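Trainee: Just so you know, the protein sequences line up as chains A and B, in that order.
In terms of my numbering, the first sequence has 100 at position 100, counting the first letter as 1, and numbering is strictly consecutive.
In terms of my numbering, the second sequence has 1009 at position 9, counting the first letter as 1, and numbering is strictly consecutive.
Treat the hints as calculated values from the structure; they're not laboratory data.
Treat the numbers as computed from the prediction; the structure is a model and nothing was measured.
Take the hints with a grain of salt, since some may be wrong.
[As the list claims (entries may be wrong)] Listing some non-contacts, in silico: residues in chain A with all C-beta distances to chain B over 12 Å:
#1 82
#2 112
#3 128
[Claimed, not checked] Label pairs and their in silico Cβ distance ranges:
#4 B:1157 to A:21: 27 to 33 Å
#5 B:1090 to A:134: 53 to 59 Å
#6 B:1073 to A:245: 56 to 62 Å
#7 A:128 to B:1003: 47 to 53 Å
#8 A:249 to B:1073: 54 to 60 Å
#9 A:51 to B:1081: 36 to 42 Å
#10 B:1244 to A:115: 20 to 26 Å
#11 B:1101 to A:28: 36 to 42 Å
#12 B:1160 to A:51: 28 to 34 Å
#13 B:1070 to A:28: 41 to 47 Å
#14 A:28 to B:1073: 37 to 43 Å
#15 B:1090 to A:128: 53 to 59 Å
#16 A:67 to B:1010: 56 to 62 Å
#17 A:115 to B:1003: 33 to 39 Å
[To be verified] Which stretches of chain A does chain B cover? Using the computed rule of at least three CB atoms under 8 Å from a CB of chain B, they are:
#18 83 to 92
#19 98 to 111
#20 242 to 249
In this text, a Cβ means the ideal position worked out from N, Cα and C, and glycines have one as well.
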Amino acid sequence: MNVFDGPLGRPTPASGLTVRGLTLRFRAEILFQDLSFDLPPGRFTCLLGPSGVGKTSLLRALAGLMPVRDAEIRCDDTGSPAGRIAWMDQRDQLLPWLNARDNVTLGSRLRGEPADGERARMLLAEVGLAGQAETQPAALSGGMRQRVALARTLYEDRPIVLLDEPFAAVDAPTRHRLQRLAARLLAGRTVLLVTHDPLEALILGHEVHVLSGRPARIAATLRPDGLPPRSAASPALAAMQAELLDRLANADSEGLP
Amino acid sequence: MMMSARLGGAILALLACWQAVVLLSGLPPYILPAPAAVGHVLMTRADIILGHAAITAAEILAGLLLGTLLGAAAALAIDHARLARTWLLPLVIASQAIPVFALAPILVLWFGYGLASKVAMAALIIFFPVTVAFLDGLRRTDTGWLDLARTMAPAGRRGRFAILLRIRIPAALPAFGSGLRVAAAVAPIGAVIGEWVGSSAGLGHLMLHANGRMQIDLMFAALSVLAALALTLYFAIDALLRRLMPWAPERFLDQSEEET
Chain A
1 MNVFDGPLGR PTPASGLTVR GLTLRFRAEI LFQDLSFDLP PGRFTCLLGP
51 SGVGKTSLLR ALAGLMPVRD AEIRCDDTGS PAGRIAWMDQ RDQLLPWLNA
101 RDNVTLGSRL RGEPADGERA RMLLAEVGLA GQAETQPAAL SGGMRQRVAL
151 ARTLYEDRPI VLLDEPFAAV DAPTRHRLQR LAARLLAGRT VLLVTHDPLE
201 ALILGHEVHV LSGRPARIAA TLRPDGLPPR SAASPALAAM QAELLDRLAN
251 ADSEGLP
Chain B
1001 MMMSARLGGA ILALLACWQA VVLLSGLPPY ILPAPAAVGH VLMTRADIIL
1051 GHAAITAAEI LAGLLLGTLL GAAAALAIDH ARLARTWLLP LVIASQAIPV
1101 FALAPILVLW FGYGLASKVA MAALIIFFPV TVAFLDGLRR TDTGWLDLAR
1151 TMAPAGRRGR FAILLRIRIP AALPAFGSGL RVAAAVAPIG AVIGEWVGSS
1201 AGLGHLMLHA NGRMQIDLMF AALSVLAALA LTLYFAIDAL LRRLMPWAPE
1251 RFLDQSEEET
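Just chain A, same shape as in the assembly (with noise of 0.2 Å):
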């Protein structure tokens, strides 16, 4: 236990992500095209896009979940990425026949491990839903189900978390409220947020790369000022937030006045 430091197992040191070379196919379609780019250990980096651009099939590339050719993704550390990556989703993914923490704990059972229900029972304490560990699915809010999956990422306890627009889902204030327990929770840990929210990236990334474009490129990389989670009320931030509206709506405007 002494890699962990706490209850939660943050790993230390954070590894990092480094992709070279990725063309990405969808049919036909070429989505990417040799895109190359970092995940700095430890950091929130965001990739934002207008929808359709391929956003969800890189993230499923760097999972391991699409075959992918020719392409380097490493972690800096240890090499292959395999068993290091969490996946998170738009959609909370939650077995509706499991519990809220058999659900967070399904990743030992897959692995045939003991589940560690003390742990689950603190992670769902920790996203705000210390009384729901008996609960089935069915029973809880959509914001409740998404706050299950978070802790379900969090016991999977890997270094490097990818997040598929995972607050799209949810209602503005829920949503306002997840970004910032998933920017705490998260801390520490490399992860790659994609979203087609302009402030959502904002609020959350020390990085923000903006794709555009068919295969779709980085057009763009912003560091804004200050650490996340930033606060949206922020002149700074909402005369980038306005900067990058402008910015995807004229990549996604072919065709339109």
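Given chain A, work out where chain B should sit, using these hints.
Mentor: Chain B in isolation, oriented as in the chain A frame:
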């Protein structure tokens, strides 16, 4: 509760219609006996009828168990192996082209006049709906669940087995449940056909003999017990499945209740 109240009402209405037809048409009792006459036979010859009913029930339950096990095993095999998919699946489908009625004499010849041939018949008739429903469920696991599980499970055979056991089979259980409901509804057909073709006991046997001796009231009594047996089996299976799978969206009998 609503369900059983409606069922009771429907049965009462059916009995009333039956009595009305008897009164209005003036059909002789050896064509259509009155409900009261059938009820009388049901009471006076209860020992004989129940004895035969117990045998038929045993045939149905054993057939249901065997057919379900074979159907589930076939679905898993077809899902698992390409060899099974190319050879077993066509066989399963082809088995449906042969009418079960036509097979009954052969099964009686092979398995004898006792329980075994009826169990085989019921199992045969159940096998297909269970296999197809379960296989369909296994093939249609939510891809999001599978993606999530793949990021968690170990690579290779061990991971695939864990995903089958923890994700795909539980996810397929509601579909398996609908197959089982169909099976519960058709299992009595298999058992009774088997009894008609060759048997020394069972409700089908009793009906055939009552018919031959013009004891139409006894025949109707046996038929009503068979119907009660089939309904009880169906609702017991349905209740069990709901209890075991509260998350399953399978609610087709209650749907009208919720929507109206």
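Trainee: Now look at each hint and say whether the structure bears it out.
Mentor: Comparing the hints with the structure gives:
no., hint, in the structure
1, 82, "violated (7 Å)"
2, 112, "violated (7 Å)"
3, 128, "holds (22 Å)"
4, B:1157 to A:21: 27 to 33 Å, "holds (31 Å)"
5, B:1090 to A:134: 53 to 59 Å, "violated (47 Å)"
6, B:1073 to A:245: 56 to 62 Å, "holds (57 Å)"
7, A:128 to B:1003: 47 to 53 Å, "violated (40 Å)"
8, A:249 to B:1073: 54 to 60 Å, "holds (57 Å)"
9, A:51 to B:1081: 36 to 42 Å, "holds (40 Å)"
10, B:1244 to A:115: 20 to 26 Å, "holds (22 Å)"
11, B:1101 to A:28: 36 to 42 Å, "violated (52 Å)"
12, B:1160 to A:51: 28 to 34 Å, "holds (33 Å)"
13, B:1070 to A:28: 41 to 47 Å, "holds (44 Å)"
14, A:28 to B:1073: 37 to 43 Å, "holds (41 Å)"
15, B:1090 to A:128: 53 to 59 Å, "holds (54 Å)"
16, A:67 to B:1010: 56 to 62 Å, "holds (57 Å)"
17, A:115 to B:1003: 33 to 39 Å, "holds (38 Å)"
18, 83 to 92, "holds (count 6)"
19, 98 to 111, "holds (count 5)"
20, 242 to 249, "violated (count 0)"
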